[in-house]
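**Student:** Now for the letters of each chain:
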Amino acid sequence: MAVSILAGMTILMIGDSHLATPDYLISTLHDNLVAQGAKVHTLGICGANAGDWLKATPGACGGAERRGTEKAVVLGGKAATVPISELLATDKPDLVLIVMGDTMASYTKPAFPKAWLWQQTTALTKEISANGTRCAWVGPNWGTEGGKYGKTFARVEMTSKFLASNVAPCSYIDSLQFSKPGQWATVDGQHLTAPGYKTWSEDISKALLEAPAVKEAKK
Amino acid sequence: MIKLLAACVAVPALSISALASAEVALYPTGPSEDAAFVRFVNASAAPLDVIAQAGQPPMRVEAAQPVSLFFPVDAKTPVKGSLVSAEKKLAMDLKIEPGEFVTVFAVPDGAKGIKQVVVREQPDDFNGLKASVAFFNVDASCADASLRPAGRTADLFKALPVESQQRRSINPVNLSVQLVCANANVGAPLDLGDLKAGERYSVLLVPSASGPRLLNATDTLSH
Chain A
283 MAVSILAGMT
293 ILMIGDSHLA
303 TPDYLISTLH
313 DNLVAQGAKV
323 HTLGICGANA
333 GDWLKATPGA
343 CGGAERRGTE
353 KAVVLGGKAA
363 TVPISELLAT
373 DKPDLVLIVM
383 GDTMASYTKP
393 AFPKAWLWQQ
403 TTALTKEISA
413 NGTRCAWVGP
423 NWGTEGGKYG
433 KTFARVEMTS
443 KFLASNVAPC
453 SYIDSLQFSK
463 PGQWATVDGQ
473 HLTAPGYKTW
483 SEDISKALLE
493 APAVKEAKK
Chain B
21 MIKLLAACVA
31 VPALSISALA
41 SAEVALYPTG
51 PSEDAAFVRF
61 VNASAAPLDV
71 IAQAGQPPMR
81 VEAAQPVSLF
91 FPVDAKTPVK
101 GSLVSAEKKL
111 AMDLKIEPGE
121 FVTVFAVPDG
131 AKGIKQVVVR
141 EQPDDFNGLK
151 ASVAFFNVDA
161 SCADASLRPA
171 GRTADLFKAL
181 PVESQQRRSI
191 NPVNLSVQLV
201 CANANVGAPL
211 DLGDLKAGER
221 YSVLLVPSAS
231 GPRLLNATDT
241 LSH
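Those protein sequences? They're chains A and B, same order as listed.
Under this note's numbering, the residues of the first sequence are numbered 283 to 501, in order.
Under this note's numbering, the residues of the second sequence are numbered 21 to 243, in order.
Hints were generated in silico from the structure; no laboratory data involved.
One should not assume that every hint holds.
Restricting the straight-line Cα-Cα distance to at most 20 Å, the calculated cross-link-like pairs of lysine to any residue (SDA-like) are [claimed, not checked]:
no.: 1; chain 1: A; residue 1: K374; chain 2: A; residue 2: A412
no.: 2; chain 1: A; residue 1: K396; chain 2: B; residue 2: L149
no.: 3; chain 1: A; residue 1: K396; chain 2: B; residue 2: D144
no.: 4; chain 1: B; residue 1: K150; chain 2: A; residue 2: S447
no.: 5; chain 1: A; residue 1: K488; chain 2: A; residue 2: M291
no.: 6; chain 1: A; residue 1: K396; chain 2: B; residue 2: T240
no.: 7; chain 1: A; residue 1: K353; chain 2: A; residue 2: Q318
no.: 8; chain 1: A; residue 1: K443; chain 2: B; residue 2: A217
no.: 9; chain 1: A; residue 1: K480; chain 2: A; residue 2: D313
no.: 10; chain 1: A; residue 1: K396; chain 2: B; residue 2: P143
no.: 11; chain 1: A; residue 1: K408; chain 2: B; residue 2: H243
no.: 12; chain 1: A; residue 1: K396; chain 2: B; residue 2: Q142
no.: 13; chain 1: A; residue 1: K391; chain 2: B; residue 2: E120
no.: 14; chain 1: A; residue 1: K391; chain 2: B; residue 2: Q142
no.: 15; chain 1: A; residue 1: K396; chain 2: B; residue 2: T238
no.: 16; chain 1: A; residue 1: K321; chain 2: A; residue 2: E484
no.: 17; chain 1: B; residue 1: K96; chain 2: A; residue 2: T390
no.: 18; chain 1: A; residue 1: K480; chain 2: A; residue 2: V316
no.: 19; chain 1: A; residue 1: K480; chain 2: A; residue 2: D456
no.: 20; chain 1: A; residue 1: K396; chain 2: B; residue 2: R187
no.: 21; chain 1: B; residue 1: K216; chain 2: A; residue 2: E409
no.: 22; chain 1: A; residue 1: K430; chain 2: B; residue 2: S52
no.: 23; chain 1: B; residue 1: K108; chain 2: B; residue 2: P128
no.: 24; chain 1: A; residue 1: K443; chain 2: B; residue 2: D144
no.: 25; chain 1: B; residue 1: K150; chain 2: A; residue 2: P451
no.: 26; chain 1: A; residue 1: K391; chain 2: A; residue 2: W424
no.: 27; chain 1: B; residue 1: K150; chain 2: A; residue 2: A405
Build the full structure now, drawing on both the sequences and the hints.
**Tutor:** Dropping the structure here:
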């Protein structure tokens with residue numbers, strides 16, 4: 283088996299609820315990256331949006347953290363983001379992998395909050411790029427329509443398009459390309475079932491290997 | 021002022037609950053309404069003080085650094101206060117809509133001291149791969165106010181009405197712009213330098229004692 287381009291790379295993975303429950307991406311994607319030889323630190327804070335990573339912000343619904351091959355630690359009520367500046371200083375990652383989108387889509391609001399989204403995304407990406415660190419941003423998957431978050435295919439597509447054109451210099455990984463709308467089953471419209479998270483992880487991992495941020499970080 | 025503006029920042033209501041392993045607790049998927057911002061431009065020769073409430077320290081906008089940052093505001097709450105320049109005082113009472121970026125100019129107005137001009141923008145062109153350049157015109161003395169890349173004949177912005185703005189996405193290149201009034205070059209070109217992808221820029225045409233004057237600023241948000 284060929285050595286992965288990720289081998290030896292230090293990866294900091296931050297994001298929202300998709301990383302905040304032990305059997306979500308903090309398990310499947312984290313394992314996948316570790317198996318490729320990366321040193322991985324994952325911090326998922328439920329409900330976090332991009333701007334919440336500029337200063338310590340309590341999670342809306344818990345969180346989880348995991349380092350290397352250790353088990354994920356559920357943070358419960360104490361869950362809070364750690365400022366990206368601190369994480370960059372302590373982890374010194376070669377790559378920051380951001381998994382976020384559903385927490386910023388405003389699924390239940392008729393108006394799409396472009397100015398707020400721009401404020402949120404650029405605040406985070408500027409802080410990372412000012413540190414000279416490469417980054418890749420994983421956008422939301424299709425999920426299923428409805429559920430308690432009121433997700434719609436139209437709004438998730440709008441959110442993904444916005445992120446695709448606004449997270450530079452981070453590379454954008456468009457999760458909508460990985461499946462058809464509604465193809466992956468969810469438990470609540472947004473969060474996938476176990477097979478879904480496994481498939482999503484594999485697709486993210488494949489896309490990451492082709493991402494300019496990873497290829498440039500490896501040079 | 022900054023304190024007051026910060027207090028007006030919209031804070032999304034959060035539903036707090038412990039994390040369940042089987043089902044994630046409900047959380048908000050965005051703000052209750054879009055963000056909104058205001059900034060101040062001092063086109064007068066004297067310092068401009070922006071006062072949110074009597075007794076609060078003013079935010080000063082110096083004539084030498086005439087464009088403030090964009091401050092986040094709560095679109096639900098009017099932005100009230102006053103603009104003070106050389107002992108002349110103007111009341112300010114603005115309703116800012118969600119998604120709006122509002123620029124408040126204090127421009128010279130003869131014996132009256134200063135005049136307040138408000139230009140509103142609801143941008144729809146956010147793009148991290150392009151540079152975004154806006155042209156603001158609050159100088160009625162410049163007829164058919166236009167901007168051209170220096171040394172070129174094609175207009176970047178053509179005949180912009182007074183008290184309005186236009187914006188264009190362009191490739192991130194080195195850019196100098198030439199002000200054109202009534203189809204004649206006015207003043208020297210303004211060097212904007214190497215534009216960066218994802219950045220938003222403003223070129224602001226304001227009146228002055230010596231005629232039309234161009235200011236430039238990067239549209240930077242206050243955090």
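**Student:** Taking the hints in turn, state whether each one holds.
**Tutor:** Going down the list of hints, with the structure as the test:
1. A:K374 to A:A412: This hinted pair holds, its Cα atoms lying about 13 Å apart.
2. A:K396 to B:L149: Measuring from Cα to Cα gives roughly 16 Å; hence the hint holds.
3. A:K396 to B:D144: holds (8 Å)
4. B:K150 to A:S447: holds (9 Å)
5. A:K488 to A:M291: holds (16 Å)
6. A:K396 to B:T240: Cα-Cα ~16 Å, so holds.
7. A:K353 to A:Q318: With a Cα-Cα distance of about 18 Å, the restraint between A:K353 and A:Q318 holds, given a limit of 20 Å.
8. A:K443 to B:A217: holds (17 Å)
9. A:K480 to A:D313: Roughly 10 Å between the alpha carbons, so the hint for A:K480 and A:D313 holds.
10. A:K396 to B:P143: holds (8 Å)
11. A:K408 to B:H243: holds (13 Å)
12. A:K396 to B:Q142: Between A:K396 and B:Q142 the Cα gap is close to 10 Å, so the pair holds against 20 Å.
13. A:K391 to B:E120: holds (17 Å)
14. A:K391 to B:Q142: holds (18 Å)
15. A:K396 to B:T238: holds (19 Å)
16. A:K321 to A:E484: holds (18 Å)
17. B:K96 to A:T390: holds (19 Å)
18. A:K480 to A:V316: Measuring from Cα to Cα gives roughly 15 Å; hence the hint holds.
19. A:K480 to A:D456: holds (17 Å)
20. A:K396 to B:R187: holds (16 Å)
21. B:K216 to A:E409: holds (16 Å)
22. A:K430 to B:S52: Since the Cα atoms of A:K430 and B:S52 sit roughly 17 Å apart, the hinted pair holds (cutoff 20 Å).
23. B:K108 to B:P128: holds (11 Å)
24. A:K443 to B:D144: Holds, at about 13 Å.
25. B:K150 to A:P451: With a Cα-Cα distance of about 11 Å, the restraint between B:K150 and A:P451 holds, given a limit of 20 Å.
26. A:K391 to A:W424: holds (18 Å)
27. B:K150 to A:A405: At roughly 17 Å apart (the allowed maximum being 20 Å), A:A405 and B:K150 satisfy the hint.
Consistency note: the structure conflicts with none of the earlier hints.
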